[in-house]
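Q: Below, each chain spelled out in residue letters.
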Amino acid sequence: MHSTASESIWVVCPAFNEARTLSGVLSGLTAQGYRVVVVDDGSRDSTRQIAESVAAAVVSHPVNLGQGAALATGIAFALARGADYLVTFDSDGQHRVPDIARLIAALKASGADYALGSRFLAGKQRMPLLRKMLLRAATAFTALSTGLRLTDTHNGLRAMTRRGAAALDLRQNRMAHASEILAEIARSGLAYVEVPVTIDYTEYSLAKGQRASDALTILLDLFARKLHR
Amino acid sequence: MIAQAVLSVLLAGVLLHGWTQMRRSPLVAWLSMAAAIVGLYLVWAPSHTTELAAVLGIGRGADLILYLWVCISLNLLLSLHLKLRAQQETVTKLARHIALANAVVRAEHGQAVMDTAPPTVPQLPGGADTPTRMRGQTA
Chain A
510 MHSTASESIW
520 VVCPAFNEAR
530 TLSGVLSGLT
540 AQGYRVVVVD
550 DGSRDSTRQI
560 AESVAAAVVS
570 HPVNLGQGAA
580 LATGIAFALA
590 RGADYLVTFD
600 SDGQHRVPDI
610 ARLIAALKAS
620 GADYALGSRF
630 LAGKQRMPLL
640 RKMLLRAATA
650 FTALSTGLRL
660 TDTHNGLRAM
670 TRRGAAALDL
680 RQNRMAHASE
690 ILAEIARSGL
700 AYVEVPVTID
710 YTEYSLAKGQ
720 RASDALTILL
730 DLFARKLHR
Chain B
151 MIAQAVLSVL
161 LAGVLLHGWT
171 QMRRSPLVAW
181 LSMAAAIVGL
191 YLVWAPSHTT
201 ELAAVLGIGR
211 GADLILYLWV
221 CISLNLLLSL
231 HLKLRAQQET
241 VTKLARHIAL
251 ANAVVRAEHG
261 QAVMDTAPPT
271 VPQLPGGADT
281 PTRMRGQTA
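First to last, the protein sequences are chains A and B.
For reference, each letter of the first sequence is one residue, going 510 to 738 in the working numbering.
For reference, each letter of the second sequence is one residue, going 151 to 289 in the working numbering.
It is worth saying that the hints were derived from the structure and are not from the lab.
Any given hint could be a false lead.
In the SDA-like style, the derived pairs of lysine to any residue whose C-alpha atoms are separated by at most 25 Å in a straight line are [unchecked claim]:
1) A:LYS735 x B:GLN237
2) B:LYS243 x A:MET684
3) B:LYS243 x A:GLY591
4) B:LYS243 x A:LEU731
5) A:LYS641 x A:ALA695
6) B:LYS243 x A:ALA733
7) A:LYS735 x B:LEU226
8) B:LYS243 x A:ASN526
9) A:LYS735 x B:ARG173
10) B:LYS243 x A:GLY551
11) B:LYS233 x A:LEU725
12) B:LYS243 x B:ARG174
13) A:LYS735 x B:HIS167
14) B:LYS243 x A:ASP554
15) B:LYS243 x A:ASP593
16) B:LYS243 x A:LEU677
17) B:LYS233 x B:VAL220
18) A:LYS735 x B:ALA184
19) B:LYS243 x A:ARG683
20) B:LYS233 x A:PHE732
21) A:LYS735 x B:TRP180
22) A:LYS735 x B:LEU228
23) A:LYS735 x B:ALA185
24) B:LYS233 x A:GLU693
25) A:LYS735 x A:LEU725
26) B:LYS233 x B:HIS167
27) A:LYS735 x A:ALA676
28) B:LYS243 x A:ARG672
29) B:LYS243 x A:PRO571
30) B:LYS233 x A:ASP678
31) B:LYS233 x A:THR726
32) A:LYS735 x B:PRO176
33) B:LYS233 x A:LEU679
34) B:LYS243 x A:ARG680
35) A:LYS735 x B:CYS221
36) A:LYS717 x A:LEU728
37) A:LYS735 x B:LEU232
Because the structure is a prediction, the values reported are computed rather than measured.
All chains, please: the whole structure from these sequences, using the hints.
A: What follows is the structure, encoded as structure tokens:
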């Protein structure tokens, strides 16, 4: 049992054309009693139908906006539903459901408002070398640009308190959203902890994930945000 | 003289445009205004271009103008890019409102958190407590 009757945990699953993996991911979550809101980001496959048959709630973007936008929509929905804790969880099957309980437990134990999953805290993690180097570079970039000392900056598994979620102002629709969330955490001044989690790399999740060449796009997006309004 | 008058009017337009962009994007505004002022100066003192070009290490005055033009074009591209991003944010807000207003929520998810029964509960669109719900909309 992960939650008492008095508190509600909402798991936000952004999904874009995830029909292949979504059903398994969602049944794993609902079996543990989590309330799941799937944000269908304008999928063209049966993602929405699958989500509606399993998840507690489905919100659908009329057009594809990007994972960052989907997360922001899901967070807005969960806050409106009175969530006490919010979890972001990728729909491609790379995260493990038991890790959620550990993130929530870390929030409660530490009193922090954000618990960020890290695949590097747990010790050895099998992953492609290029991906490892890229993630190291992202870690260094985050330390320089936000001052956050993290071991893993691009992990889709995070938990946050209601207060923490409400403090985020997310405007990066696409790839730069992971960096933006960290920048917003730094700006909020609220406490955060890192919690070891396991990422299951599959051919599917690697193919859907970001590529090395996306790093430049991310840097440009982050820079562009600083230039207007 | 005619060319100078026409160019002056055009550049004054750029100057004004830059000034109006000050609140939206200060960087673009300053670059536009600087370009316009330099342009005005060179229009009325064309002989200075050659001297200025020499100072900057550029061969001819005409080349200097060409380079400046390239800089102005890049600035315009940046300005357009930022406008597109602002538009994208507006579209995002709009799409988010639509998505939240049309949320498909199970009738009751609060009780029986361990319940793994098949989802036979009828799905109801939206929720009364979703603040983004549009007024007067019927479910």
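Q: Any of the earlier hints contradicted here, and which numbers?
A: Nothing - there is no hint that the structure violates, so all of them hold.
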